[in-house]
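A.B. asks: Protein chains in written order, with the working numbering: chain G, 1 to 431; chain P, 1001 to 1365; chain L, 2001 to 2281.
FYI, nobody ran anything at the bench for these hints, they're computed from the structure. You may find that some hints are simply not true.
[Unchecked claim] Below, a sample of chain L positions facing chain P; criterion: calculated Cβ distance under 7 Å:
hint	residue
1	Glu-2184
2	Asp-2188
3	Leu-2189
4	Gly-2190
5	Ala-2268
[As the list claims (entries may be wrong)] Label pairs and their computed distance ranges (CB to CB):
hint	chain 1	residue 1	chain 2	residue 2	range
6	P	Ile-1072	G	Val-417	49 to 59 Å
7	P	Pro-1108	L	Leu-2214	29 to 39 Å
8	G	Leu-281	L	Phe-2070	50 to 60 Å
9	G	Ala-329	P	Leu-1170	47 to 57 Å
10	G	Gly-11	P	Asp-1204	52 to 62 Å
11	G	Lys-324	L	Thr-2066	26 to 36 Å
12	G	Lys-324	P	Gly-1041	34 to 44 Å
13	L	Gly-2091	G	Ala-33	46 to 56 Å
14	G	Arg-339	L	Phe-2070	49 to 59 Å
15	P	Gly-1065	G	Ala-237	56 to 66 Å
16	G	Leu-416	P	Gly-1041	53 to 63 Å
17	G	Phe-195	L	Leu-2214	33 to 43 Å
Glycine residues also receive a C-beta, built at the ideal position from the N, C-alpha and C atoms.
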Amino acid sequence: MNSLVKSYGKGLTGIFLALTAVWIALLIVLPQARMIERAFTYVDRSGDAATLSLEIDRAYTRVFDIDTDLRDLRAQLQAGQEAGQAAGGAPAGGLPSPSLVPSPSLTPSPSLTPSPSLTPSPSLPSPAAPSPGVAPSPFAPPQQAALPLEEVEGRIVALEEEKAGLQGRIAELEAIEAETTKTAGISESYSAKNFTNMSELHFRIFLSTIFYALCVTLLSFVVCYPVAYAAATAKSANKVALMMLGLIIPYAINELLRIFSWVMILEKQGILNGVLDALGLIDMQAGEGIRFVASNGAVFTVMVYAYVLFMVFPIYNTIETLDKNQIEAARDLGSSTWRIHWRVVLPHAKPGIAVGAIMTFMLSAGSIAVPEIVGRGLHPDWFAQVIYRRFFEAGSWNEGAAYSLALLVACIAFILVNMAVFRVGIRDIAK
Amino acid sequence: MHGQDVVLDGVSMRFGDFTAVQPTDLTINAGEFFSILGPSGCGKTTILRMISGFLDPSAGDVRIGGTSMAGIRPNARPTALIFQNLALFPLMSVWENVAFGLEARGVPKKVRRQRAEELLAMVALTGQGEKKPTELSGGQRQRVAIARALAVEPAVLLLDEPLSALDLKLRQHMRSELKDLQRKTGVTFIYITHDQGEALTMSDRVAVMNRGVVEQVASSDEIYNQPGTPFVASFVGEQNVFRGKLSGLDGEIARVDTPQGEMLARLRGRAGVGDEVMIFVRPERVGLGGTGTDDAPRNRLRATIERRDLEGPFVNLHCRAGDAPVTVHLPNSGDTASSLASGETDLAFRPSDAIVMPVGDLARE
Amino acid sequence: MTVITAEQIAAGAAPRRRRIRDWSDAVLSGYLLLFFAYMFLPLMFMVAAAFNANPTPSVTDWQGFTLKWFQALPRDARFVQGLLHSLAIAGGVIVISIPLGLAGALILTRLQSRASTLLYTVLVSPILTPGIVLGATTMIFWRDAFGMEAGLFTAAIAQAAFIASYCMLMFMARLQRQDRALEEAALDLGASSVFVFRRITLPFLMPTMLTAALISFLQSIENYNTTFFAIGSSWTLVTEIGARMRFGLSPMINVIGVIFVVITVVSATIWVLARRRGGNG
Ligand SMILES: Nc1ncnc2c1ncn2[C@@H]1O[C@H](COP(=O)(O)OP(=O)(O)OP(=O)(O)O)[C@@H](O)[C@H]1O
Ligand SMILES: [Mg+2]
């Protein structure tokens, strides 16, 4: 503290300390503490009021789903009609995605037409309306097969009816709820039940997510190590610049776009199937096509694609500091390539490997974009998705907090193991 | 500008359990050119940083112009420090560097600018004000640093080996410039160096330091001719050393038994008969046997010439007397010197040119 | 079994080693080619499909060159609004992260105390925390503590939580290269601590400040995981892209992709060139 005052004087030191304190308190420690508190606060919802609010909540969720479906169906309808007009009444072919129709009544996102009844009931600890397009059941295949227009209309009518019924029911239930005291039947207490009550399914998902994330990390390392090595040992300045460009560009392009580009390839109507079609292996016209998305392979491919560069740069940075003469010397002494890497390059790159592994693991274990978009809800769930649903669909923030904490602990454990295995300190890691 | 005196009163500095500066009393007079000379790591910079206020003494008091500096921060002391690496501000132009101290005092820009030009003129850098420090040569940068320090009109200028980064030629040139500047401004200069030539040529007085202890404070002449301790004797200038046992004392003159024979020399420090002692005699005070016109007693020894080096005005003879190497610097008179390439010769020096000191003082080396 | 002499080994080893090296170099080159194809082909497909009239993004089923998706983009109110939200959040993130990161870095570089490693760990921990956890904790905390519903503000806060750490690391790297003698020299010339900070330290940190602002901006615009959790019912460009992708693929996203790719390629090229010139000069 003295050293600070000596460097900056009392006034500035005070300002810096205050800023840092605010940072730690408001952005790091208190949020974390609150999450931990929530994680260990168990809300018992066995009481009547709780059951009631749960039912209201379900009804809202269903209404929300119906809205989404309705919107999709209307979009189909309109697109079908337009296509019909354009192509002289031929049935809809390629299904345009809803956003292609800039008619105001058909804007793609549900929250643009938020019916006031969609806000969650106040007695529930549920969040504000979730971000659009996510809450609707992820199990609904995003591209439904084109239905005949009449059928679409029929379904719209049916859904409208169901929605009206539900809204009536909601009004009834809310009236009852307003009479009973709000907290009756809901009791809060500190306990570890949010963890111990984790269903076996969720726990399995947790474990498999960790396992998959480890696989992604390992795979990323295998894929990127030669690249990092080549980039760090490239001799000509032009080659170095070119490789840097080749690494930075995909690194800097948004994660979602990178995922998107792969989904384009792996789609049922995607490029990969198109290539197979062109090779005559399948016949897409006849509806053949391999569903590459929503498989483990697809998720791995895209995850490695999305996160491998977080492994490349730290390793590149450490190998770059290696005295290249050491490699030459080892080679002169007759070491095999394998041996040079094992004895000279890898030991030197340890801190970089640790950093890369930690980043890759953390990103893939916590990834929600890849499993949600590539997995399509058909791939076995990823833990991040489970957390998301705890928060936004089940409306149980405390369970969500508990699950988040579990994920965080897994990441911390991974970091600690890495620090021990690679013998690096925290200052080597975060550089 | 007027210099002020600097007094160190029992000042010491400890870093943990390592004592970098032992308790020291030192008085530096106002307007004096004072050098601190010593080997690397002996605590010179530490003393300077205590005077300028970057370090608080572990004990004792620093007084400048009679005022205690305890608790006074560097920016409130009447000192200016010239750093070992100069520490010019790289993002500012030369004149902004020079005017920085004035800027910090809120002097208006016009006045600053003008003052900077005056100072630059004083250090012979007229017209270089707009350049960046990196665009100057080493010697010019040096002078910018000096101008910058003088701009705040310090009473005491502290210089930490300011010439060490310069080449020999420039170093010699800058020595005389610094000396001139000091005379012109009357500011007290405290000059740190481990180059004895620098210390001896420029200073009014020199302090010789070793291992955190100031061993001797005296004029250049005295340091050279009357070293107070074996360390000072051997650190400053070249010395021939003979080891022996004190066998008798006659007032100031001691008799010493050495493997090279009995020798007489002036005693400095405390020693009794039978003590292990060392005799120091400078190479230029040793002559060839037989030379000398007066009848004063002489120490004589027989030596073998091993090598002869011509160094322009001097001829250096490297000899060996018994197990002791002896170096002799002879003025190059042109005739006799060339015959002295090898063989045996007689050497002689006056007892008044040699000093005896107890070995004990050096034993802690 | 033949006995091989040392000479024979020496004679045979060199060319063989050379052969192995050529061979392994060739394997490495081939691998690099594959790797960069893996990295770039999807992006190229994405770019190409933006110009395909086919409403399902594709390059295999080419239905003619068109720019209509580019024209459709600015008419899409949600994307435009999302972009504005993104910019607003990014602005907020910069305003929060730079002072916090700077304060943290200044303290950590000068704090001579055992607590400094602990402080460092706390301050970098957000970088090592999964984005969804950051988003969730921010959302919970600000609602529970201040009754603030998730929205643009919480999104900015959640992003700033980890972006400030990145800023701090950048500032620390710069500060470690600072010559302390400069500050001391200024102090010695009579400057106050505040003056030294304003005139010496801040100008020294200026380039880093700009880089940090740029990187904060990019990180903020790009961020998905954290924002997704913390933004509630609002949206940014990127969360909107994510939301649309769930409905199926739209060439509109390809168009955004093209824009991102162009911006990235141009700025990355500038950066690499600048770095090379800086490195050589
Ligand atoms: N901040 C410090 N902490 C611990 N030890 C220090 C510190 N500063 C200096 N020392 C030690 O004090 C001793 C004296 O250092 P000082 O810098 O005064 O030497 P110096 O005489 O200036 O040497 P040089 O000629 O090499 O500059 C050295 O042994 C050094 O290691
Ligand atoms: Mg020093």
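A.B. asks: All hints are to be evaluated individually against the structure, with a verdict given for each.
C.D. replies: Against the structure, the hints come out as follows:
no.	hint	result
1	Glu-2184	6 Å, holds
2	Asp-2188	5 Å, holds
3	Leu-2189	4 Å, holds
4	Gly-2190	5 Å, holds
5	Ala-2268	28 Å, violated
6	Ile-1072/P x Val-417/G: 49 to 59 Å	53 Å, holds
7	Pro-1108/P x Leu-2214/L: 29 to 39 Å	37 Å, holds
8	Leu-281/G x Phe-2070/L: 50 to 60 Å	35 Å, violated
9	Ala-329/G x Leu-1170/P: 47 to 57 Å	41 Å, violated
10	Gly-11/G x Asp-1204/P: 52 to 62 Å	43 Å, violated
11	Lys-324/G x Thr-2066/L: 26 to 36 Å	51 Å, violated
12	Lys-324/G x Gly-1041/P: 34 to 44 Å	36 Å, holds
13	Gly-2091/L x Ala-33/G: 46 to 56 Å	29 Å, violated
14	Arg-339/G x Phe-2070/L: 49 to 59 Å	54 Å, holds
15	Gly-1065/P x Ala-237/G: 56 to 66 Å	60 Å, holds
16	Leu-416/G x Gly-1041/P: 53 to 63 Å	42 Å, violated
17	Phe-195/G x Leu-2214/L: 33 to 43 Å	42 Å, holds
Violated hints, listed in ascending order, are 5, 8, 9, 10, 11, 13 and 16; each of the other numbered hints is respected by the structure.
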